[in-house]
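Asker: Spelled out from the first residue to the last, the chains are:
Protein chains: 2
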Amino acid sequence: MAKVAVLGYGTVGSGVVEVLEKNRSLIAKRAGEELEVKYILDLRDFPGDPYEDRVIHDVEMIMGDPEIQIVCETMGGNEPAYTFSKRAILAGKSVCTSNKELVANHGAELIALAREHRCNYLFEASVGGGIPVIRPLCNALTAERINEISGILNGTTNYILTKMEQEKTRFEDALKSAQELGYAERNPEADVEGQDACRKIAILASLMSGKTVDYRDIYTEGITQITPEDFVYARCMGMTVKLLAMCKRREGEKEEYLAAVAPYLVSGQNPLAGVNDVFNAVFIHGNMLGESMFYGRGAGKLPTASAVVADVVDCAKHPGEHIICLWEEEKIRLLDFGQTKGRFLVRVKEAGEDRARNLFGDFEKIVPDGITGEFAFVTKVMREEEAVQKFGGLPELVARIRIKD
Amino acid sequence: MAKVAVLGYGTVGSGVVEVLEKNRSLIAKRAGEELEVKYILDLRDFPGDPYEDRVIHDVEMIMGDPEIQIVCETMGGNEPAYTFSKRAILAGKSVCTSNKELVANHGAELIALAREHRCNYLFEASVGGGIPVIRPLCNALTAERINEISGILNGTTNYILTKMEQEKTRFEDALKSAQELGYAERNPEADVEGQDACRKIAILASLMSGKTVDYRDIYTEGITQITPEDFVYARCMGMTVKLLAMCKRREGEKEEYLAAVAPYLVSGQNPLAGVNDVFNAVFIHGNMLGESMFYGRGAGKLPTASAVVADVVDCAKHPGEHIICLWEEEKIRLLDFGQTKGRFLVRVKEAGEDRARNLFGDFEKIVPDGITGEFAFVTKVMREEEAVQKFGGLPELVARIRIKD
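Just so you know, the protein sequences line up as chains Z and P, in that order. The first sequence begins at -19 in our numbering and counts up one residue at a time. The second sequence begins at -19 in our numbering and counts up one residue at a time.
Just so you know, these hints were derived from the structure itself, not from any lab. Hints are not guaranteed to be accurate.
Which copy is meant is left open, so a pair is good if it fits within one copy or across any two.
Stated by the list, open to error - Here are the simulated DSBU-like pairs of lysine-lysine, each with C-alpha atoms no more than 30 angstroms apart in a straight line: (1) K191 with K297; (2) K9 with K234; (3) K360 with K228; (4) K(-17) with K18; (5) K2 with K234; (6) K191 with K234; (7) K384 with K2; (8) K311 with K234; (9) K384 with K234; (10) K228 with K2; (11) K143 with K384; (12) K370 with K384; (13) K311 with K9; (14) K384 with K321; (15) K(-17) with K191; (16) K321 with K2; (17) K9 with K228; (18) K360 with K370; (19) K311 with K2; (20) K2 with K191; (21) K2 with K18; (22) K297 with K(-17); (23) K66 with K297; (24) K9 with K297; (25) K297 with K234; (26) K234 with K281; (27) K360 with K148.
Note that the structure is predicted; figures quoted are calculated from it, not measured.
This is chain Z alone, in the form it adopts within the complex (with noise of 0.2 angstroms):
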C-alpha cells in the first residue's frame, strides 16, 4: 500500500482524491499496489466532507512521516507551492503536480533536485490537463526530433473564440457567457491576455530543447482585440481564428527556437482548426512522424486530477527510481521575435487603400460579404518588426492577424 498526500484540497485536489477512490481497484493493477490518501493538506476544515479526518493543517505531519512515498501539489501558485515541493523531493519523497506556474519557474531545478535524491518531480497535469501531452514528448516521440509545437492550450479562449465564430457574438458577450458557465474567472486577465497559455508553451518548449525557456521571453498576444468581423474574414478565406502557443526550431548553423503566443488565422485543413469549445490540443511536428495531434479536455476537475494520479501510479510502479526527463536549469535565448517571418491579414479602412499598397506593394483585395467600409489584404512573408513599422504608418489600419503557416 503506497501512502500519498495531497497539497491543497480545492478543485484539482479534490478531483484527484475522487479518481482515486473512484477508480480504486483499477489503478491499484495498474499501480502494483493500492494507493491510499493518508493526509490532505489545508488551511480550511471540511466538515462533513467524507475524507475530513485526513484533513491537517500541519506540512510537518507529511515531511516527517516515512510512509509518505508520493505527495500531489495542487495548490497552485509559486509559495508555498515551491517551499513544499523542495521539501519533499529533500526528503526522497516523489511529487506529482498540476501547477504550471510552479513548473514553468523552477520545473529543471525540481528535476534535478529529484534526480539527484532517486524521486520523482512529474507534471502532465500542468499543461493539456488530462490530455497525455508531457508523456509524448519525454517518453514516447524518442526518436524524433520535435521541429514544431502549436497549441490551443487555454480552454477559456478557445471556447470564447468557438462562440464568436459560431454564434457571431463580441469579444465581451462570448467572455460574459464563459464566466457564467465557470470556463473563466471573474478576473479572466491570466487567460484572455495568454498568460496562462503561455506558462504552457514555456513548458513545452523546455522539453522540446532540453533547456529552459523563460516564459517571460516569450511574445504574448491575447485575444481582447479579436471581433466577429475578424471571423467573416477568416472564413470567407477558408479559415479560422486560435488562439496558438508554439515553439519552432529553426535549423542553422546552431539550433535557435522561436516561441509565441497570439491569434493566429488557421487553415481549415490544419487539424488544430476543428478543435473547439473547451477542448484543448497539441499538435507535433516530428522529423520522422510528421504530423501528429493529442486532443482532449485540457482543464476541469476530473481530467486535470487524473493526469495528476496517472503520475501517482508511474511513481507507485517505480519505488526509489528516478524517471528520466531532459529538462536542464541552463537558459535559452529564444530568436528575437521581432526577426520572426510571417504573413498577416491586414484590414484597412476603404480611404487608406492607397497608403496601404504603398506600404505594403501590390496585393488582392478581400471583400467579405456583410463588410462595409473596409477591406483586407495578405502580406508577403515579412519580418515581424518591418511589418510593425508599417502598421504604425498606416492610421487606416482596423486590424491585423499573422497567418498561421
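Given the structure of chain Z, go ahead and fit chain P onto it with the hints provided.
Answerer: Chain P in isolation, oriented as in the chain Z frame:
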C-alpha cells in the same frame, strides 16, 4: 553502447536503421547510451547498401550473441516472426515489433514470457504507426476506466473514403488511385475488407480489457459497398462516412465488451470526422477524462520506424527490467454482435416506401438534391439482428449504413 538486431530489412526495418542513424545523438541522449545496429537479418543481400556489412542470413548469430539486448522484429506475418521473437525473449532479449498480426495472435503470451525473463515485448508500432497509442493506454491513462476506443486505424481505406467524398469518385476508382500512389497493395483485400483494422482493434481491445480479445470474434465489414451516393446522404445530414474500428465496455452485472469494424456515419461534430487522407486517429473515452483523441500518420516507413525505435529507447533505458503491460492470455467472450443496438441510415427505392413503413414504423424521408428514384430514412435504435431480419424483408433496399452514436 546498446547493440540492436533488426529482423527483416524491408520498408519498416530499413526505416528503423534510418531513424537510428538520422537522430543518433538525440536518441543516445534519451536512451542514456548510444544505440548501434549490429546485425540486420534478411534472406537477401543488399550490395551497395551502407549497412551491407551488417546483413546476415543466419538468425543463430543473433540468438547466440549476448551483446544483443534488443531485437526489432519488422518481418511481419506469423512465422518465422513468432519463433524468432519467442527465442529472443527466452534468451532475455527485448523484442520491439511493428507486426500487428503476431501481436494480435500471440501478444499476451509473449508479454508473459518477457515478464518471466525480465525483458520486454513492446509493440507501439503495431497500431497507428507513429502515433503513440499503445503507450497512452498502458502508461498514461492509468487513472482511467476506458469505456470506448474508436479508431480510424487503416490509412488506405481512409484515403479511399476521403477521395470518394471530396471528388465524388466511385470506390473502384479511388482504390486504383490509392494503388497508384502506393497506399494500397495490389491485393488490397486486407485493407478494404477491414481485416487490417480488425487486427489492430483486437490489440487495443485487449489492452482495454486486460484480457485477450480474439480478432476472429470481431464483426468485420469493409468499405467495398460504399458508394458516392452514401456521401451525398451523409453530407445532407452533416455527417461523413468513416471505417471505424471500435470497442466499447458495457457496464452491467459483469463487464461486457463489444467490438466491431464497419463503415459508420460519423457526425461532423465528432473529431474523427475531420481525420482525412492516410491519417489515422484513435478516440478514447475515459470515465474521468471524457473524450480524447490521438492523431497522426498511421503508416509509412519513417513514422512506423519511429515508433519501433521509441520502444527500443524504452528498453535501453530499463535494461533487465520488465515494463508492465496488463494483457492476460485469458480470452474474453465479446457480446454477440447481433445483440448490439444502434441506428441505421437505410436507403430504399421509391417503390419500397410502404413496405419500409410497415417494417420500420413511421419515419421522415431524406431526399438529398441530386438523388433520384430512392430516398433514405434513419431507423430507431434497434438490435442488429432485428435490423438484419427486416432488411431481408425489404427487396427495395439499396444500402444501409450504421450510425455512430
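Asker: State for each hint whether it applies.
Answerer: Checked hints:
Taking CA atoms no more than 30 angstroms apart as the test, K191 paired with K297 passes in both settings, with 27 angstroms inside one copy and 21 angstroms between copies. Taking the shortest Cα distances, K9 and K234 sit within 30 angstroms of each other only across copies (18 angstroms), while inside one copy they are farther apart (46 angstroms). In this homomeric assembly, K360 and K228 come within 30 angstroms of each other (Cα to Cα) only inside a single copy, at 20 angstroms, whereas the closest approach across copies is 50 angstroms. Taking the closest pair of Cα atoms, K(-17) and K18 come within 30 angstroms of each other only inside a single copy of the chain (6 angstroms); across copies the shortest separation is 45 angstroms, beyond that limit.
For a Cα distance limit of 30 angstroms, the shortest separation of K2 from K234 across copies, 17 angstroms, qualifies, whereas the shortest one inside one copy, 50 angstroms, does not. For the homomeric pair K191 and K234, the shortest alpha-carbon distance inside one copy (14 angstroms) is at most 30 angstroms, but the shortest distance between copies (49 angstroms) is not. For a Cα distance limit of 30 angstroms, the shortest separation of K384 from K2 across copies, 28 angstroms, qualifies, whereas the shortest one inside one copy, 42 angstroms, does not. Proximity of K311 and K234 under a CA criterion of 30 angstroms is satisfied intra-copy only: 15 angstroms inside one chain copy versus 54 angstroms between copies.
For a Cα distance limit of 30 angstroms, the shortest separation of K384 from K234 inside one copy, 24 angstroms, qualifies, whereas the shortest one across copies, 50 angstroms, does not. Taking CA atoms no more than 30 angstroms apart as the test, K228 paired with K2 passes between copies only; the shortest distance there is 19 angstroms, against 40 angstroms inside one copy. Taking the closest pair of Cα atoms, K143 and K384 come within 30 angstroms of each other both inside a single copy (21 angstroms) and across two copies (26 angstroms). In the homo-oligomer, the alpha carbons of K370 and K384 lie at most 30 angstroms apart inside one protomer (20 angstroms), although the nearest pairing across protomers, at 51 angstroms, exceeds that limit.
Proximity of K311 to K9 under the C-alpha cut-off of 30 angstroms is restricted to the inter-copy arrangement: shortest distance 19 angstroms between copies versus 40 angstroms within a copy. Taking the closest pair of Cα atoms, K384 and K321 come within 30 angstroms of each other only inside a single copy of the chain (11 angstroms); across copies the shortest separation is 43 angstroms, beyond that limit. Only between protomers do K(-17) and K191 lie at most 30 angstroms apart by alpha-carbon distance; the minimum there is 29 angstroms, versus 33 angstroms within a single protomer. Taking the shortest Cα distances, K321 and K2 sit within 30 angstroms of each other only across copies (28 angstroms), while inside one copy they are farther apart (50 angstroms).
Taking the shortest alpha-carbon separations for K9 and K228, only the inter-copy value of 20 angstroms comes in at or below 30 angstroms, while the best intra-copy value is 39 angstroms. When the C-alpha separation of K360 and K370 is checked against a cutoff of 30 angstroms, the pair qualifies only within one copy, where the shortest distance is 13 angstroms, while the shortest distance between copies is 61 angstroms. Only between protomers do K311 and K2 lie at most 30 angstroms apart by alpha-carbon distance; the minimum there is 26 angstroms, versus 41 angstroms within a single protomer. Proximity of K2 and K191 under a CA criterion of 30 angstroms is satisfied inter-copy only: 22 angstroms between copies versus 38 angstroms inside one chain copy.
Proximity of K2 and K18 under a CA criterion of 30 angstroms is satisfied intra-copy only: 16 angstroms inside one chain copy versus 48 angstroms between copies. With identical chains, the CA atoms of K297 and K(-17) are at most 30 angstroms apart both within one copy (13 angstroms) and between copies (27 angstroms). In the homo-oligomer, the alpha carbons of K66 and K297 lie at most 30 angstroms apart both inside one protomer (22 angstroms) and across protomers (26 angstroms), since each shortest distance falls under that limit. When the C-alpha separation of K9 and K297 is checked against a cutoff of 30 angstroms, the pair qualifies both within a copy, at 10 angstroms, and between copies, at 23 angstroms.
In the homo-oligomer, the alpha carbons of K297 and K234 lie at most 30 angstroms apart only across protomers (28 angstroms), although the nearest pairing inside one protomer, at 39 angstroms, exceeds that limit. Taking identical chains as interchangeable, the C-alpha atoms of K234 and K281 lie at most 30 angstroms apart only when they sit on different chains, with a minimum of 29 angstroms there against 42 angstroms within one chain. Taking the shortest Cα distances, K360 and K148 sit within 30 angstroms of each other inside one copy (29 angstroms), while across copies they are farther apart (35 angstroms).
Of the numbered hints listed earlier, not one is contradicted by the structure.
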